[in-house]
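Trainee: Read off the chains here:
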Amino acid sequence: MKRYDEEALDAEIRAHIAERIDDLRAGGLTDEEARRQALMEFGNIARLKEDARSVWISLWWDQLCEDVRHGFRFLGAKRMFCVVAIATVALSIGSSIAVFTTVDALFFQPLALENPGQLRLLRWSAPHLRIAGGVGALLEAQGATETGQFSYAAYNQLRQHARAFANVACDRFWSFDVEDARNVNGQFVSGTYFTTLGARSFAGRLLNQDDDRPEATPVAVLGYDFWKSEFHGDFGIVGRAIKINNQQTVTVVGITAPEFHGINPSWDAGIRLPFALHGSLGASRLDTDPWSACQRVIARLEAGVSDEQARQATEGQIRAVFQDGNATADLAAVRIEFIDLQYGTSEVRDSALRPVTILASATLMILLVACVAIGSLLLARGAGRQQEIATRLALGASRSRILRQLLTENGLIATVGGAVGIALAFAARRLLPSLIGQLSGFQNLKLPDYADSRVLMAGLVLTFTSAAIFGLLPAFFNCQVDLMTAMRRKTRARDSRWRFIVTSGKATIALQVGFSVLFLVGMGLFVRTVAQLRAGFGYNPANLIYFRVTSLPLNAPGDFVERTYEELRRIAGVNAVGASVWPLFAADEHREQALRVCVPGTAKDATASGAAAPGAGYVQVPPRGPDLVGQEMVSRGYFEAWGVPLISGTDFDWQQRRDNERVTIVNTTFSRQFFGEENPVGRTIGFGACPGLAVTIVGVVADSTNTARLKPAPMLYRPMNVLQVRTPTFAVRTAYEPDSVIPQIRRFLEAQGIRIDGRDVSLGIDYRDRMIVREAFIARLMIGLALATLFIACVGLYGLLTYVVERQTPEIGLRMAVGAQANDVVCMVLGQTITPVVTGLAGGLAAAYWLTRFIETLLFGVRRLDFVSFAMACGLLVICAVIAAFIPAARAARLDPMRALRCD
Amino acid sequence: MDRDLFPGALEMMVLQTLQRSPMHGYALAQHIKAQSDDLLQIEEGSLYPALQRMLKAKWVRAEWAVSSTNRRIRIYKITAAGRKQLAAKVSSFDRMLEGILKVMKPEIP
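Keeping their order, the protein sequence lines are chains A and B. Read left to right, the first sequence gives residues 1 to 904 (this note's numbering). Read left to right, the second sequence gives residues 1 to 109 (this note's numbering).
Rather than coming from a laboratory, the hints here were simulated on the basis of the structure. Some clues are possibly wrong.
[Claimed, not checked] What the simulated footprint calls covered on chain B by chain A, stretch by stretch (three residues with Cβ under 8 Å from a Cβ of chain A suffice, anywhere in the stretch; the number is not a length):
# : segment
1 : 39-46
2 : 68-76
[Unchecked claim] Incomplete in silico selection of chain B near chain A, CB under 8 Å:
# : residue
3 : PHE6
4 : PRO7
5 : GLY25
6 : GLN52
7 : ARG53
8 : LYS56
The C-beta atom is built at its ideal place from N, Cα and C for all residues, glycine as well.
Produce the entire structure from the sequences given, and follow the hints as far as they go.
Mentor: As structure tokens, this is what we get:
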């Protein structure tokens, strides 16, 4: 017999008693007497069976198994409770793991390179910095005195003479057309690039110093993901020649390792070419704009060299470079700064920091609230189990045994919940990086895969912590049963234990109310922010379709745009059509589109700028800076199609375009900025250098922008010239839901042989919503959190009051018997909720007052202490709390006094 | 149960009884009761946890059989380990009894 066999023992006991009865009967007793005598002599059967069982399960493992079995039985009996509790734990733990491992991957994973701790990114600063060429102008315009940009000569100087570095590399971002793939992210890299970084190849070899000589055979290295997607993982590509920008043939010599992302884990290069090809691929030549060459210089410190030593040595080298005449600065004041590349550099981190912090703290809060909620549920439920516990104690079970049993039950909820949570986190591991990518505005975010063991560790730590929070206290408390009180079936309302449950229940509710107020305020702020953002674009995205033509059909006629415009208009359900170079945009995004204009100086402008008019009555508007003027070429119907209202004047017509008439339409900001309150229609302004090419303003349209939060910039619209624009964007406004018109448009495009950007036509709604993904996500998150915490708080309130009413039944009965009305009873019950709800409200509002300062920059169009959001949060919470409290209160008021009194 | 006895006393008596002949639970109980002239207030049922303990320690073996009254019973037999244990228990019991007696009746030399 290896283990406890209850059946065998039962059989034995039955035989024993039967034999005894036989013997006693033989001794002259009646059947009944014999049975009673036998049972008495035998003793307490249940207890001896318990003893016999404990012989076999005395080992802690056996006891644990027994407890777990018992726990499962118990949870099985309380299925509803168990499902709610486990789901809560699983969701909160799962989301916590997912969030924290992503944070870990985003912020705390070292680069997958050899000794990344030795790598440094170089930046330098100098007052009165002057650099020749475009970079210099850009820096000057930005008023910058600090940059990470180096000339190729500076890089060479560092590479050859800086002994503090084991190796120095330089790279520059560029985009290439690789075979058929257009605009592939790529880089020019120095020959030292891969050696400095300590990267390994996936196939073939990486670039070396020999490849970076002008006379070398042109070669390239492909990025792993690009190779997978564009060349379908064909190893045969290594050694083959490919065409870059349709002009330069280069030989692919290798493919980088899958985990290689340079020094920026969130950016992926499809192709890397040596700097030697810089000139032949259309990038500016290194000798005319030298400081545009190295966008980044990366150095690997020589072993044993401190940062400070290396920094001083580098400063000396850089001063030497400044003698080359292309750049001047206060030489003595040149400072070099190092950025440690252990974890790489990532602009994603900076932009993701805030949303991720919000996400992480919200997740933690939810986990805490969930733990507290489950804890209070367990506590209140334990109150209902006092008799069971008391009975077991009376039968001789030890308190430690019962404590262990209760802990096992709570632990089971945590374990099962935690396991499901870990599974959820694994399932969501692909989802979250893309979410974070969207939140931070980097759609193609690459994150290092988080190590499985780290997920597991995070899961275990979170599970045990939360189990400790919600499991320990209720278990300890619930096994402190006073036998006598418990066996009397009903505890008195003055019992200290009862008071503890009510007090802790009220504290829990205050906490839950506080959190839900906090999230309700957050919800209000972000819902209003999203509404404001949506309204702030200035165009109407509903019932709008757009597509960008990437290649015209063969033999496209000169008036392709006009013909297409007419044909699209003929499709049933199409209300308006318009063409432009880009989908609707505002000036800020395309700085190179900035335009120099000359505006007839109003008195205001002339005096305000103080500029001497270069032409009679003209004021030159600077191409960059605060008065940025953007331009776009649009066709007739563009404004109507995008839903941008024409405020005065007229739209273009096709004739104007054909005649190359000098007309323009400006937006409200332009009008207000240069003409004040005056109507500019009919006025003439100058393009280019003053007085420039005179054009006449024929219309004024409302401001519109594609980017959320963009301060409207002055815009000029000119009639579209199809001969210059080979890739027009068409916008189509439909009379009803776009879905019904899209198939016809697809058929039309196919019939015409027009190829468009992306897989399909795009929706205006998506165009708008893409710009507010982050805010929309946070709004959704806040709605979810607010509703979840509100629900938890209401359930808690309901549960507590139900419990209170049940315990106070005799008291309520007595009050009603001596004349209390239903109203009085309702008030009495509701009155008990005032303290926790008001405390929670006050706490939540205070927390919101303090915490909203951290999200202030994410808001738009609402102040952080927005009255509507705060008032709505309070109102919603109070209404829900009253409803939740009213149900048990009404039940109490309906009590029959006589029955209630008898209850004790 | 053996609350009134010292720990291990019941086991010792059971082993002693089984050393003479294998027995089933009821017979064991009756035998111990008869031999002790009912002086020991033992609940018959407390025999069974003791038997389980000894089964687990492998001091006894159990075999199923059918009684003369046609009931399924379990016959317990002492094992070699059980005999050794009995010898050890008896000697330590003797010493304990001697000690107790010396305390209780100090005038007897």
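Trainee: Against each hint, give a clear statement of whether it holds in the structure.
Mentor: A quick look at each hint next to the structure:
no.	hint	result
1	39-46	holds (count 4)
2	68-76	holds (count 5)
3	PHE6	17 Å, violated
4	PRO7	13 Å, violated
5	GLY25	5 Å, holds
6	GLN52	4 Å, holds
7	ARG53	5 Å, holds
8	LYS56	6 Å, holds
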